[in-house]
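Please put together the full structure from these sequences, using the hints given.
One letter stands for each residue in the lines below.
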Amino acid sequence: MTRFILNGGEVVLDLPDHATLLHALRGPLGLSSPRFGCGAEQCGSCMVLLDGKPAYACALGVDAVAGRKVVTVEGLGTPAAPHPLQAAFLAEQAGQCGYCLSGMLISAAALLAANPDPDEEAIRAAMDPHLCRCGSHNRIIRAIRRAAQEMAQ
Amino acid sequence: MSHGFGAALKVDDGKPRLPGSLHLNRRLSQWLHFRADGVVEVKPGKVELGQGILTTLAQIAADELDVALERIRIISVVTPDSPDEAVTSGSLSVQDSGSAIRHASADARRIFLSVAAQRSGVAFEAITITDGDFIGPQGKIGTYWQFAEAGLLEVEASPEARAKPVAARRMVGISALRRDLPGKLHGAPAYVHDLSLPGMLHARVIRPSARGAELEALTDGPLPGDARLVRDGNFLAVLASNEWDAEAAAGRIAARAQWREADTLPEQTHLSAWLRDAAARGERKVTEERDAEIPAAAHRLKRSFHRPYLAHASIGPSCAVARFEGDVAEVYSHTQGPYNLRADIAKTLRCPPDKVVVRHMEGAGCYGHNGADDVALEAVLIARAAEGKPVRLLWSRADELGWAPFSPAMLVDIEVEAAADGSLLAWHAEVISNGHSGRPGRSPVPTLLAASQLAEPFPVQPSINPPLAAGGGAERNAIPGYRVPKLHVATTKLLEMPIRTSALRGLGATLNVWAVESIMDEMAALVGEDPLMYRLRHLDDARGRAVLEKVASMAGWQGHQPREGFGFGIAYARYKNTGAYAAVIAEVEARERIFCRRIWIAGDCGEVVNPDGTGNQLEGGAIHGTSIALVEEVRFDRRRVTSDSWESFPILRFSEVPKVDVALINRPEAPFLGAGEASLAPSIAAIAGGIHAALGVRPRQLPFSPENIARAG
Chain A
5 MTRFILNGGE
15 VVLDLPDHAT
25 LLHALRGPLG
35 LSSPRFGCGA
45 EQCGSCMVLL
55 DGKPAYACAL
65 GVDAVAGRKV
75 VTVEGLGTPA
85 APHPLQAAFL
95 AEQAGQCGYC
105 LSGMLISAAA
115 LLAANPDPDE
125 EAIRAAMDPH
135 LCRCGSHNRI
145 IRAIRRAAQE
155 MAQ
Chain B
9 MSHGFGAALK
19 VDDGKPRLPG
29 SLHLNRRLSQ
39 WLHFRADGVV
49 EVKPGKVELG
59 QGILTTLAQI
69 AADELDVALE
79 RIRIISVVTP
89 DSPDEAVTSG
99 SLSVQDSGSA
109 IRHASADARR
119 IFLSVAAQRS
129 GVAFEAITIT
139 DGDFIGPQGK
149 IGTYWQFAEA
159 GLLEVEASPE
169 ARAKPVAARR
179 MVGISALRRD
189 LPGKLHGAPA
199 YVHDLSLPGM
209 LHARVIRPSA
219 RGAELEALTD
229 GPLPGDARLV
239 RDGNFLAVLA
249 SNEWDAEAAA
259 GRIAARAQWR
269 EADTLPEQTH
279 LSAWLRDAAA
289 RGERKVTEER
299 DAEIPAAAHR
309 LKRSFHRPYL
319 AHASIGPSCA
329 VARFEGDVAE
339 VYSHTQGPYN
349 LRADIAKTLR
359 CPPDKVVVRH
369 MEGAGCYGHN
379 GADDVALEAV
389 LIARAAEGKP
399 VRLLWSRADE
409 LGWAPFSPAM
419 LVDIEVEAAA
429 DGSLLAWHAE
439 VISNGHSGRP
449 GRSPVPTLLA
459 ASQLAEPFPV
469 QPSINPPLAA
479 GGGAERNAIP
489 GYRVPKLHVA
499 TTKLLEMPIR
509 TSALRGLGAT
519 LNVWAVESIM
529 DEMAALVGED
539 PLMYRLRHLD
549 DARGRAVLEK
559 VASMAGWQGH
569 QPREGFGFGI
579 AYARYKNTGA
589 YAAVIAEVEA
599 RERIFCRRIW
609 IAGDCGEVVN
619 PDGTGNQLEG
629 GAIHGTSIAL
639 VEEVRFDRRR
649 VTSDSWESFP
659 ILRFSEVPKV
669 DVALINRPEA
679 PFLGAGEASL
689 APSIAAIAGG
699 IHAALGVRPR
709 QLPFSPENIA
719 RAG
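Taken in sequence, the protein lines are chains A and B. One gets this note's numbering by counting positions in the first sequence from 1 and adding 4 to each. One gets this note's numbering by counting positions in the second sequence from 1 and adding 8 to each.
Think of the hints as simulated: they come from the structure by calculation, not from any bench. Some hints here could point you the wrong way.
Said to hold, decoys possible - With a Cα cut of at most 16 angstroms, we get these calculated EDC-like pairs of lysine to aspartate or glutamate: (1) B:Lys363 x B:Glu333; (2) B:Lys667 x A:Glu125; (3) A:Lys73 x A:Asp55; (4) B:Lys667 x A:Asp123; (5) B:Lys667 x A:Glu124.
All figures in this text were calculated on a predicted structure; none of them were measured in a lab.
Dropping the structure here:
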């Protein structure tokens, strides 16, 4: 039996050892934002916030998050009250296929929480674990800058 | 049966010519449906691949019908209801589908207005439309919605319908926001990967240990949870109630399986030699030939260019959900060609096509023919063992990078002659490659991966090249766009295919454009001329010259003072020689390896419906091209593809991505030309030029890694 806080609410799961956090989030917990890309912590599609820090959900056992706080994109904001990053990604039209975007938003949120005014170099460094195949990188960088400016006001 | 190329290949069927895919899908109700609640359903046969096509098509329909964009609902492709637009590929979505929807909408508008005019007595010409309301001199006289159920669109489109004049367009030429992005930014279910049906089971596939390996033995043993094996010949899969058990079970089966392997792949280190060797047994065709009396040449160049196999490398591995209802197979798929996929699933199941229903749902960007079709057949094969329950099959990363079709390795030999002043006189190019299309739906036997692994297997056919009229495959852009009086371009298609090949963004253009542009650079240098000026004086197409001049002014090409270790390169192509024009300047930095720091693009995509979306496509294509230029190469030993993880098949990362500036030359009066592929190949070529400017070396082999550059030096 594993208990943890998911997007502000407590959840309880009873899954075998070989189930990952990503399996749990997408399966019994019914979320779709964390996405499977590689299962090997190499692309960032599955990134979630674990106690405020980016963590790959694809290779993390469910037990490892017991008693901790997990936040996914569903917990960042809502369409009615979006997180500044969600609004900024929309304003910059930062995406093409969008498959990588959940992970991007998570790492960007962690970056802005730690560094409210990152320069381009800091953004590129923070986002480097994330792969995007469509070539939306520059738009994503602009969106993160925009969100930082919005949040500073 | 359909030839599988859609509107890309014009057929002479004696019927009056209708625009784009409307010609082959002539009934208006196939494309448009007005609902009484004020919604217009638009039913394209093209699919969303992340390129934003559904937003663009909605703009075209809203503009031509004079309704608010919010009223347009795009219906995803489902067989057999949607129009058959073959494959969403070749940068043809707006040409094929946009042209059809514009014409169908113009015709629908005309039909509805005629009825309104007849009923109200108001003259047709006196009626205007405001958000679907028909307005006469005395006010509102009707609406589209009022006649929604009247069956007015159950007719063939009239060739006489005329789209609005450019000056009357309101919803095109503007950057409407992507309709799919809000949901995706909030984690809403968006992809087939996210589909969850009641009672759905989860499947994983266990691949042979090597290409062509045969299963010799499978040791019995327990599987986790309720997981069970599904087997048909060498096709092995597991089925379980949840993903974790399916994945664990696949791992156990893989460890218990013994395969009989053989060396079936060429030596990677001698790939270009293998290509020449196989070409001697291949099928050579003259692509284009022009003869002319030419004076004696003063300059000659003979060069070879080589490219490795390339992977599509989608961020999301391919996925499908399938189920059987009675003898009908239904599959949710991110295929680019729902009807073509339907045809090949039916061939594999040996059933009529109407026993297969393909429903399109989005996947991750595919950039061509990746594993989308293969996984759909596999899900159907596994669903046969699931007693009517839906089955979700998700490929692993290793499946996607190791088993999806690859863009073929290629070799191009070019020999040119020029006069003393550098004017081109003769051009001879020989292209060697496997075919660039193994897409389903175009061959009598199925081309899908699992079809050759079944207990009753189908033979693997070598891939084909699409006809030149549809842009060609290996030969795409092998014919230079520059003026040269004497020309001989030939293409040799290999008839053996050790590694399964198919279409990747740009097809043969990836190599051919770089080869052509490298020759142009080198010939310009031979006669001491600026590479831009040399290109301009060989280019008769004013639109081509315009993008070159535009990009030169954006980047400050003239008078540019190179920094130590940096270099500028310039390149140009008109995609497929019939599509969009793109000119690119790249700034390259040579350190321990090559980096591309900046890219400037000038594009002419004809009429632009959504400038931001078009710019996004051109920028994405350039970054994809930069990645191919610098880091991408499928690796293999004699038995298997070994580059099946992101570590062994790296793509460009945030820290390596160039800044990109895009300028569009909009031509509202001109036909749509597409945008998805135009900038990719010129970006590779411009980076090669930048490497020469920085290092004095002309690379001859992709990727432009330190090893390959050292070899060229």
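Cross-check of the supplied hints:
no.	hint	verdict
1	B:Lys363 x B:Glu333	holds, 10 angstroms
2	B:Lys667 x A:Glu125	holds, 12 angstroms
3	A:Lys73 x A:Asp55	holds, 5 angstroms
4	B:Lys667 x A:Asp123	holds, 15 angstroms
5	B:Lys667 x A:Glu124	holds, 11 angstroms
Consistency note: the structure conflicts with none of the earlier hints.
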